[in-house]
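Colleague: Produce the entire structure from the sequences given, and follow the hints as far as they go.
What the sequence shown shows, in UniProt numbering, is residues 1 to 525, in sequence order.
No wet-lab data here; the hints were simulated from the structure.
No farther apart than 16 Å at their CA atoms in a straight line, the calculated lysine to aspartate or glutamate pairs in the EDC-like style are these:
| # | residue 1 | residue 2 |
| --- | --- | --- |
| 1 | K146 | D50 |
| 2 | K463 | E484 |
| 3 | K90 | D106 |
| 4 | K161 | E229 |
| 5 | K233 | E339 |
| 6 | K236 | E339 |
| 7 | K459 | D352 |
| 8 | K463 | E491 |
| 9 | K195 | E183 |
| 10 | K70 | E204 |
| 11 | K7 | E42 |
| 12 | K343 | D398 |
| 13 | K306 | D398 |
| 14 | K7 | D98 |
| 15 | K7 | E74 |
| 16 | K146 | D55 |
| 17 | K306 | E371 |
| 18 | K70 | D97 |
| 19 | K155 | D55 |
| 20 | K306 | D395 |
| 21 | K70 | E183 |
| 22 | K161 | D55 |
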Amino acid sequence: MMFLQHKNIVQFLGYCSHTEEEAMKYGGLIMADRRERLLCFEYLSNGSLDRYVSDASCGLGWRERYQIIKGICEGLHYLHGNYIVSMDLKPTSILLDDNMVPKISDLCLSDFFAEGQNQTVIEKKIATQNIYCLGVIITEILTGQKEYYFANDEKLLESWKERLLHTSSADLILLEQVRVCAEIRRACRADDPDKRPDTGRIIEMLPETETDGAGAQGDLLYMEFNVMECILKGTKKPGILSHQLLLFITGNFSRQQEIGRSEFAITYRGILLHPSVAVKRLSMTKEFDDRLFSNEINTLVLVQHKNIVQFLGYTQEEAMEYQGEVIMPDTRERLLCFEYLSKGSLKDYVSDASRGLEWRSRYQIIKGICEGIHYLHGNTIVHGELRPTNVLLDDNMDPKIACFCLSRCFVEHQRSAVTPNKIESMGYMAPDAFAGFITFMSDIYSLGIIIAEMLTGCKDIQKENVLESWRTRLGTSLTDILLEQVRVCTEISIACINPNQERRPDMQHIIEMLDETECEEPAEQ
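Modeller: Printed below as a string of structure tokens:
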């Protein structure tokens, strides 16, 4: 301990070892040596960390908490670099000075290793003890609880957003610090010790978030953030967004924020915005048609309907000047931003009549999809890839159609109506689409398959079986009204999947059929 000198380690000042004789009873009265060992350390006025642990709603501000987290990490990194493992790392062994700077104490309980000892043993001991304990401490600093389990850090970030209130550009930087610390604490508590980061990696992650939020870069980011919120509110039209903003809200395209993956794109959740957004990162490895991309972006900007996923904006690498000449980067990053739909895709809710969603929810979804497709066709837009994974659901289970237009920008997709890895799509494709003819009637066929799945849980449909299944679930009191909706939806599905495209109904006729079933309904039992 005499050789340890670090701003985040309690300073050792000296020691005393004293021996004196003392009379003790041991059968009779005997004289025995009593040894007393005293250690002297600096005094830390603000006591131990456990006095300041709380959730985001009260207690220390985020800057103080971040300073404490970073200080503990740096102190631990120093110890590990000197082959020292703290055997008692917990909030009560972390003391705070007048400026709330943390200092690790109780190192008399630590294990000291010689530099020549087996390195594997040292690393394993560090991973299984200190790193896990660090994760628990960071969890407590972030949430006020030792045990805070969730699939992702959405709730944690939401709680800190409420406190920080987005009052300045600096708050965006602070929220990024919260996100990184949450990612670190999760990694530190991995069940597999081999997957826990070492202190070197942790230290590398933390400085990445230390940016002057009041600087020009932070102010620009905050302005972009406000633009995004205006687009979400509908007071500003979708347009070009900054690459920096989309990179920021996806955590530098963190795997923890990945919510979807397809042949042509990976989708991430932008979890720092309220409401959240979805950022689609288009593939940079496939041949791309920039002219078509511009046309499709113009289409997305104009589309506005309650059953179409709202387009918020896009970004792509622009031409840059190099040594007096305008050049294009070797790889162009194309990012698209859409509203985020909390309930995921329709694929997760497909089931037969005996279980899953009740009829009103299914009918609401069927009607919403039909209205969305009717809107697209009315604006001479063919979806071309209509299937359950491309129908998303919001908090109220209202459907919104996604992923139209974009795949056509990829040259590989243009060469053939059926591309590799399209097995899922093929089950929803019309016979005429296989021949390369993608038309409005192709969408109608796909719609029919989706309705069949909403009615039966599978792509096959037989009218009598469908009605009998739903009659059993609905009960006799609702037969006259809701079963009529089932009957009409069944007829629509059968008509839509007619192999002869000329005999399929158009969207206007489908909407009229559905409207005829609209009436006041009794409560479903």
